[in-house]
Every structure is written in C-alpha cells, then in structure tokens.
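Asks: In my numbering, the protein residues as written are 27 to 216.
Check before you lean on any hint, since a few could be wrong.
Unchecked claim - Now the in silico label distances, taken between C-beta atoms and shown as ranges:
(1) 172 with 150: 37 to 43 Å
(2) 113 with 61: 31 to 37 Å
(3) 40 with 102: 33 to 39 Å
(4) 43 with 74: 17 to 23 Å
(5) 173 with 104: 42 to 48 Å
(6) 79 with 152: 29 to 35 Å
(7) 59 with 79: 18 to 24 Å
(8) 50 with 96: 35 to 41 Å
(9) 127 with 45: 31 to 37 Å
Since the hints were derived computationally from the structure, they do not count as laboratory data. From a predicted model like this one, the values you see are computed outputs, not experimental measurements. Think of the CB as a built atom: it goes at the ideal place given N, C-alpha and C, for glycine as much as any other residue.
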Amino acid sequence: MLSASTELVGTVVSLEDVWGHDAGRTEGRLRAATSWDERFTIAADVLGRRLDARPPLDPEIAAAWWRMLTSRGRVRVDGLANEVGWSRKRLWSRFRSQIVLTPKRAAQLGRFDHAAHRLAAGEATARVAAASGYVDQSHLHCEVKAFTGVTPTALAAAPWLAIDDVAWPTSFADLPPSPSPSAFRQVPAK
27 MLSASTELVG TVVSLEDVWG HDAGRTEGRL RAATSWDERF TIAADVLGRR
77 LDARPPLDPE IAAAWWRMLT SRGRVRVDGL ANEVGWSRKR LWSRFRSQIV
127 LTPKRAAQLG RFDHAAHRLA AGEATARVAA ASGYVDQSHL HCEVKAFTGV
177 TPTALAAAPW LAIDDVAWPT SFADLPPSPS PSAFRQVPAK
C-alpha cells in the first residue's frame, strides 16, 4: 500500500493535511518565536524528530539512492536493480514506497539538479546538456521547462538557485565509491 505522501505527489496541500495536529503545534511555536534564530532552531528540532521517527530505508534503496546521487542521475534503473540484487519491478515498487518517487524520476531530478547548478555557474546551455547526460540542448530545454516552467536562461538567472559548495558540491571525486547494500544494513541495538 502506498503512503499518504505518495498519494499527494504532484498536488499542493496544507502542511496540516500531511502532518495532522503536529502542523498546528509547529506553526504555533514558530509564530511565538521572537527571533529567526529561534525559528530555525524550532524547525530543525521538528524536522529532526520527524526524520528520526521514520522507518529506516531498505539497504538496497539506500545503495540505489547513493548511486543516483554520486552519478548525478546518470544511471540506468536496470543497472541499479542488478547492483542491489533485485528485479527492476521490485526496485521500482520499493523505491516508490520509500522515496515517494520512481527511480527514473529520482534520476531525472538528480540530472536536472546538476544541470541547473552548472547553468547558474554560467556554463553554456549546450555544454551543460552534454556534460549532464542530455541527448542535446533541446532535451535539456524541455526538461528544465517541465520542472520549472522557465527556460534554461531564466533558470540560470533565478535568485533562488544558490551555488553552495556545501549543499551542492562541485565534485563528487572526494566521496567514497558506492557502497554495497550490506553497508547500509543497520546493526540491531543490544
């Protein structure tokens, strides 16, 4: 069975529709805060608790996600399925239930993210398309338009697209290679 968040993909809903009563309590705490530092502390606390309360990802899903991240979305779903030892159908199903996206859509977003940041860094659209794994400049243009509603040129100039070497590393060369699914298995607490 798909989670409620899966059923909401592609829709706009209130936070209360997703978090229930926690949304109202959080909003109240944020409104009562007297500074931005206090608001950020509250937000970090609430999000941290929600992340800690979620069930862990399957090790195979974590390994597939890692490969998507480090390859910047330039990985085939069949290859991922083989790497984690699952069928394509099982990977698709488990990925969607745990990440709320299909593996293909997640890879597209990874590729798009990489391209968007290269565009914002001032690289030419044709060069970005080639370096990011798009068939051609037109393919990049269509995907940028589909994700953002704007052209690659407008995206590159968007003020919300910050270049941040911590959040958006320019190189994954320093990251370790993709771990095997067993590296993500959690050791039970004693």
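Asks: Per the hint of 35 to 41 Å, is the separation of the Cβ atoms of residue 50 and residue 96 within bounds?
Replies: Distance hint for residue 50, residue 96 holds at roughly 39 Å.
Asks: Does the beta carbon distance between residue 79 and residue 152 stay inside 29 to 35 Å, or does it fall outside?
Replies: 46 Å, violated
Asks: In this structure, is the beta-carbon distance linking residue 40 and residue 102 contained in 33 to 39 Å?
Replies: Holds: the Cβ-Cβ distance is about 38 Å, inside 33 to 39 Å.
Asks: Range first: 31 to 37 Å. Now tell me if the beta carbons of residue 113 and residue 61 are that far apart.
Replies: Given range 31 to 37 Å: violated, Cβ gap about 52 Å.
Asks: A range of 31 to 37 Å was offered for this pair. Does it hold for the Cβ distance of residue 127 and residue 45?
Replies: 20 Å, violated
Asks: Using the C-beta atoms of residue 173 and residue 104, is the stated range 42 to 48 Å upheld?
Replies: Since residue 173 and residue 104 have Cβ atoms about 24 Å apart, the given range 42 to 48 Å is violated.
Asks: Given a hinted range of 37 to 43 Å, is it respected by the beta-carbon distance of residue 172 and residue 150?
Replies: Violated, at about 21 Å.
Asks: Is 17 to 23 Å respected by the C-beta to C-beta distance linking residue 43 and residue 74?
Replies: 22 Å, holds
Asks: Hint says 18 to 24 Å; check whether the CB-CB distance for residue 59 and residue 79 agrees.
Replies: About 23 Å separates the Cβ atoms of residue 59 and residue 79, which means 18 to 24 Å holds.
Hint compliance for this structure: hints 1, 2, 5, 6 and 9 are broken, all remaining hints hold.
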